[in-house]
Amino acid sequence: MWDLCSKYARFKPRLVALFGSYARGDYTDASDIDVLVVADGLPKDPRDAYDALFDPDAPRLSPIGMQTDVFLKKLEEGSTFLLEILEDGKVLCADEEFMRRVKEIYARVRPRFQRRGKLWIEVGG
Numbered sequence: 001m002w003d004l005c006s007k008y009a010r011f012k013p014r015l016v017a018l019f020g021s022y023a024r025g026d027y028t029d030a031s032d033i034d035v036l037v038v039a040d041g042l043p044k045d046p047r048d049a050y051d052a053l054f055d056p057d058a059p060r061l062s063p064i065g066m067q068t069d070v071f072l073k074k075l076e077e078g079s080t081f082l083l084e085i086l087e088d089g090k091v092l093c094a095d096e097e098f099m100r101r102v103k104e105i106y107a108r109v110r111p112r113f114q115r116r117g118k119l120w121i122e123v124g125g
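Heads up: the sequence shown is residues 1 to 125, going by our numbering.
Among the hints, a few may not be true.
[Stated by the list, open to error] Mimicking DSS-like on lysine-lysine, the simulated pairs with C-alpha atoms at most 27 Å apart in a straight line are:
1. Lys118 with Lys90
2. Lys44 with Lys103
3. Lys7 with Lys44
4. Lys74 with Lys90
FYI, nobody ran anything at the bench for these hints, they're computed from the structure. Treat the numbers as computed from the prediction; the structure is a model and nothing was measured.
Kindly generate the complete structure, drawing on both the sequences and the hints.
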């Protein structure tokens, strides 16, 4: 597997995380490699961030890019997509201070949800 932290270093990522089948270990030969890159050096528009991260020489890599403020806002709002990445994914590299903040938000937000298999249900909190 590629060194994804080095691959995306030019964006000065605060977090690079592997998620999906490669993180869970249930990938197949046909699986793509899902990676989240949180960096202020990325465009704010998710399509532009994808274009910046996409590498035609590594077409199986399926990057999702977010600026730091967007990531934190979505996490605070209870994005189950991000909660699932933090819960099931693998952090490949991260800024220590940023991860401390992410863990604090996660600890506050996570109790609002129950997981039933792949389904997330907001229960309050």
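Checked hints:
The straight-line distance between the Cα atoms of Lys118 and Lys90 is roughly 18 Å, inside the 27 Å bound, and the hint therefore holds. Pair hint Lys44 plus Lys103 holds up; C-alpha atoms about 23 Å apart against a cutoff of 27 Å. Taking the CA atoms of Lys7 and Lys44, the gap is near 20 Å; set against the 27 Å cutoff, the hint holds. With a CA separation close to 19 Å, the supplied pair Lys74 and Lys90 stays within the 27 Å bound.
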